[in-house]
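Protein chains: 2
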Amino acid sequence: MNKSDLEKLYIPPLDKEIGKEVSAYLDTLTKPIGSLGRLERLAIELAEMTGHRFPIVTPPAAIVFAADHGITAEGVSAFPKEVTAQMVMNFLEGGAAMNVFCRQIGANMSIVDVGVAEDISHDQLISRKINRGTKNFLKEEAMTDAEAFEALTIGREEAAGMIASGAKSLIVGEVGIGNTTSASALLGAVTGKPIQELTGPGTGLTEEGLIHKQRMIEQAIEERQPNRHDPIDILKKLGGLEITAMAGAMLEAAKNRTPIIVDGFICTVAAIIATEIHPEAFQYMIAGHQSKELGHQMALQRLGKEPILNLDMRLGEGTGAAVAFPVVQAATNMLHEMATFSEAGVSEKE
Amino acid sequence: MNKSDLEKLYIPPLDKEIGKEVSAYLDTLTKPIGSLGRLERLAIELAEMTGHRFPIVTPPAAIVFAADHGITAEGVSAFPKEVTAQMVMNFLEGGAAMNVFCRQIGANMSIVDVGVAEDISHDQLISRKINRGTKNFLKEEAMTDAEAFEALTIGREEAAGMIASGAKSLIVGEVGIGNTTSASALLGAVTGKPIQELTGPGTGLTEEGLIHKQRMIEQAIEERQPNRHDPIDILKKLGGLEITAMAGAMLEAAKNRTPIIVDGFICTVAAIIATEIHPEAFQYMIAGHQSKELGHQMALQRLGKEPILNLDMRLGEGTGAAVAFPVVQAATNMLHEMATFSEAGVSEKE
Chain A
-4 MNKSDLEKLY IPPLDKEIGK EVSAYLDTLT KPIGSLGRLE RLAIELAEMT
46 GHRFPIVTPP AAIVFAADHG ITAEGVSAFP KEVTAQMVMN FLEGGAAMNV
96 FCRQIGANMS IVDVGVAEDI SHDQLISRKI NRGTKNFLKE EAMTDAEAFE
146 ALTIGREEAA GMIASGAKSL IVGEVGIGNT TSASALLGAV TGKPIQELTG
196 PGTGLTEEGL IHKQRMIEQA IEERQPNRHD PIDILKKLGG LEITAMAGAM
246 LEAAKNRTPI IVDGFICTVA AIIATEIHPE AFQYMIAGHQ SKELGHQMAL
296 QRLGKEPILN LDMRLGEGTG AAVAFPVVQA ATNMLHEMAT FSEAGVSEKE
Chain B
-4 MNKSDLEKLY IPPLDKEIGK EVSAYLDTLT KPIGSLGRLE RLAIELAEMT
46 GHRFPIVTPP AAIVFAADHG ITAEGVSAFP KEVTAQMVMN FLEGGAAMNV
96 FCRQIGANMS IVDVGVAEDI SHDQLISRKI NRGTKNFLKE EAMTDAEAFE
146 ALTIGREEAA GMIASGAKSL IVGEVGIGNT TSASALLGAV TGKPIQELTG
196 PGTGLTEEGL IHKQRMIEQA IEERQPNRHD PIDILKKLGG LEITAMAGAM
246 LEAAKNRTPI IVDGFICTVA AIIATEIHPE AFQYMIAGHQ SKELGHQMAL
296 QRLGKEPILN LDMRLGEGTG AAVAFPVVQA ATNMLHEMAT FSEAGVSEKE
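Top line first, the protein sequences correspond to chains A and B.
Under the numbering used here, the first residue of the first sequence is numbered -4, with each subsequent residue one higher.
Under the numbering used here, the first residue of the second sequence is numbered -4, with each subsequent residue one higher.
Source of the hints: derived by calculation from the structure; they are not laboratory data.
Certain hints may be false.
Since the list can't tell identical chains apart, any single copy or any two copies may satisfy a pair.
Taking lysine-lysine and the DSS-like style, the derived pairs with C-alpha atoms no more than 27 Å apart in a straight line are [as the list claims (entries may be wrong)]:
hint, residue 1, residue 2
1, 344, 76
2, 344, 130
3, 344, 134
4, 124, 250
5, 344, 124
6, 188, 134
7, 76, 134
Please model the complete structure; the sequences and the hints are all you need to start from.
Following this line, the structure appears as structure tokens:
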């Protein structure tokens, strides 16, 4: 994929007519009008996205993209860099939080190495390593133009594969020590907002560590001068490979009218980048949860989405989206299975 | 059951030692400390309730109590009274929202008639009718002392049956036209707060209808003079039969250390009454959701519980608790299935 392929990407508009039909149908179901609140709004949105009066979101698929970040050389994370590869192994062995929640919701989960520094050998790993992590974006551009397009393409291909295999909704997750630093830098570059308002402690920095992280990001943006109106330029200069692949996966899901459950801070930043690349992508996204990571609230506001859950989570991996999924499923089940007033012989409001 | 049986009811204290063990164990799992937020707190609470380091909440059971309310003669509901019996039939045929969400979470659901005005014949119905609804509590006491104790006993017996059949957590729901009026009156009687602050439109009253409902409740409390320090006196004077049975079911679950997922306004008022009867019952309750019904926020504050979900729902039936259940289940799955740092060979924080 190159710039021109990206410009040609067609994302269909929502089917607002079907949304109106579903809205009217909801009022015939055996409940006071509007009494299922957000579930009713989700049902309408899902119908508009999928173009079906009775939308289906199961089975969901989850794709976890993994990569390292050169910026970790600046001491911006509470965990050592080798944890990326170790956590990828934990995912492959089924022991990460995301594995647990994906099993609960019946999601097919894949883990894709797009840029882990170390070599990983495991028969379940999808190995599409573009490079051994990004470059240290304080000192140089995180990746090349070609690498950014490759990451977008891999994201799109992996999502296309999941959809072809029957996935009816998509969660994209990530693992990559240092990636909240990259995500905060991206959000700062896109919004122009002060870095201290959108940079949190990630996996658990001290206050001193957090101030250092914020300074590194400010300095990096000053040095790299990303073009606020060019998302590829921003990705290339600030990384990371997994965040870029996530944006690609979301663009592909939108193209296929497949609802996307957006996770926390890093995933929301990837969603914002996808929307910068193609504004219509926004319409296929549902915000799974409000993360505790500083900056996520602003990121959600920028994306224009209201989260389903607010459980003080800040793990990433896609976990917030996976835990939110049953609520999305409840919205579709309501539509499929509830009786109408006339079917049930129930009198309507006086 | 009589007053003396109720006083003898023993509800065991929480196992705080196991809570500490689980809290320490959570910090060994492959995630930044505390990063699963509310899920971690739920895991600790469930361990303390059940007395197990690895608590189990599946399968859940749901008991829906149905009854009519004499106060509907005063025009306090948007729906006609016969809707109670019609909705019971809808539940029995599987078409109500609560059926849909119980199927999703694998809950065994029963529907218990403790006071529906009409006769209902269905092989799935548990018929334990105490009376054909309560009396109109504007004009006389809603029920007798004996009826209140009978409703509590039925609630306890139905919950005991579910627990004996293997239920590991309990949801109590309700159906009964007019029951938000009874619940608002109960909450007003317990808290002494102004009625207009805790009385909402229920299934959908107009503004005029709401003002009328509030006046009826104020007048009824003035006439009946319930004793704020005697929950049985309050129940007897203001009803309803299903709310009383719900309180009984929650007392029985607490006695058996079975976690209770509390639903919206009516269920929370029943939970408050259960706690007035036996203060330790409170410890076995988890608030499923924040309802949109006015008064629910105050009810949750009185109960001292923070809701898991806030989805603008206001249907009742137990639906908010059922939709919240997967979050509770995720907390236990996390504890059972996640790998520790040492098991997974992942380096800890630097």
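Task: Intra- versus inter-copy proximity for residue 124 and residue 344 (alpha-carbon distance at most 27 Å) - done: Answer is between: at 26 Å across copies they meet the 27 Å cutoff, but 60 Å inside does not.
TODO: Have a look at residue 188 and residue 134 and pick one of within, between, both or neither, based on CA distance no larger than 27 Å.
DONE: within (22 Å within a copy, 63 Å between copies)
Task: Intra- versus inter-subunit Cα pairing at 27 Å for residue 76 with residue 134 - done: within (18 Å within a copy, 73 Å between copies)
Task: Within, between, both or neither, where residue 344 and residue 76 count as close if Cα-Cα is 27 Å or less - done: Between copies only: 11 Å across, 61 Å inside.
Open item on the list: Please sort residue 344 with residue 130 into within, between, both or neither, judging by C-alpha distance up to 27 Å.
Closed with: between (64 Å within a copy, 23 Å between copies)
- [ ] First find the shortest C-alpha distance between residue 124 and residue 250 inside one copy, then the shortest across copies, and answer within, between, both or neither for a cut-off of 27 Å.
- [x] within (25 Å within a copy, 56 Å between copies)
TODO: Have a look at residue 344 and residue 134 and pick one of within, between, both or neither, based on CA distance no larger than 27 Å.
DONE: For residue 344 and residue 134, the Cα distance is within 27 Å only across copies (26 Å; inside one copy 67 Å).
When the structure is compared with the earlier hints, no violation turns up for any of them.
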